[in-house]
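The letter at position 36 of the sequence shown is residue 45 when you use this note's numbering, and the numbering goes up by one with no holes.
Just to be clear, a hint being listed does not mean it is correct.
Cut-off 27 Å, straight-line C-alpha distance, at most; resulting in silico cross-link-like pairs (DSS-like, lysine-lysine) [unchecked claim]:
1) K66 x K44
2) K26 x K77
3) K66 x K77
4) K66 x K26
5) K80 x K47
6) K100 x K80
7) K26 x K47
8) K66 x K100
9) K66 x K80
10) K44 x K26
11) K77 x K47
Calculated directly from the structure, the hints in this document are not laboratory data.
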Amino acid sequence: MTDAATWTDDYFDQPIKHVILDCSSISFIDINGVKAVKDLAGQCAAANMTLFLTSCKAEVIEMLALCKYSKDLTADHIFMHVHDAVMQALKDHEG
Numbered sequence: 010m011t012d013a014a015t016w017t018d019d020y021f022d023q024p025i026k027h028v029i030l031d032c033s034s035i036s037f038i039d040i041n042g043v044k045a046v047k048d049l050a051g052q053c054a055a056a057n058m059t060l061f062l063t064s065c066k067a068e069v070i071e072m073l074a075l076c077k078y079s080k081d082l083t084a085d086h087i088f089m090h091v092h093d094a095v096m097q098a099l100k101d102h103e104g
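Whenever a hint applies, use it, and build me the whole structure from the sequences.
Here's what the structure looks like:
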């Protein structure tokens, strides 16, 4: 087996710990959308995964805050850029 094949096999044998949802194309979210995001965060938590939201527009963040974050989705789970969420996921993985 090549080094790349070994690395790939090792990489995909690891459980998924983080789900990163790029919200850059979401310009509006209503109460049903917030509920869906909270439900997704809860399902991720039940599977020992953390949901991160990235690139959220101000209106989306305001609606999430207005509808009260849940224990599985807090302000700490929202990042300005996908890269920031990836770096946090790597930090969580190492720590």
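Hints and how they fare:
no., hint, in the structure
1, K66 x K44, "holds, 17 Å"
2, K26 x K77, "holds, 24 Å"
3, K66 x K77, "holds, 17 Å"
4, K66 x K26, "holds, 25 Å"
5, K80 x K47, "holds, 9 Å"
6, K100 x K80, "holds, 20 Å"
7, K26 x K47, "holds, 17 Å"
8, K66 x K100, "holds, 25 Å"
9, K66 x K80, "holds, 22 Å"
10, K44 x K26, "holds, 22 Å"
11, K77 x K47, "holds, 10 Å"
When held up to the earlier numbered hints, the structure conflicts with none and fits them all.
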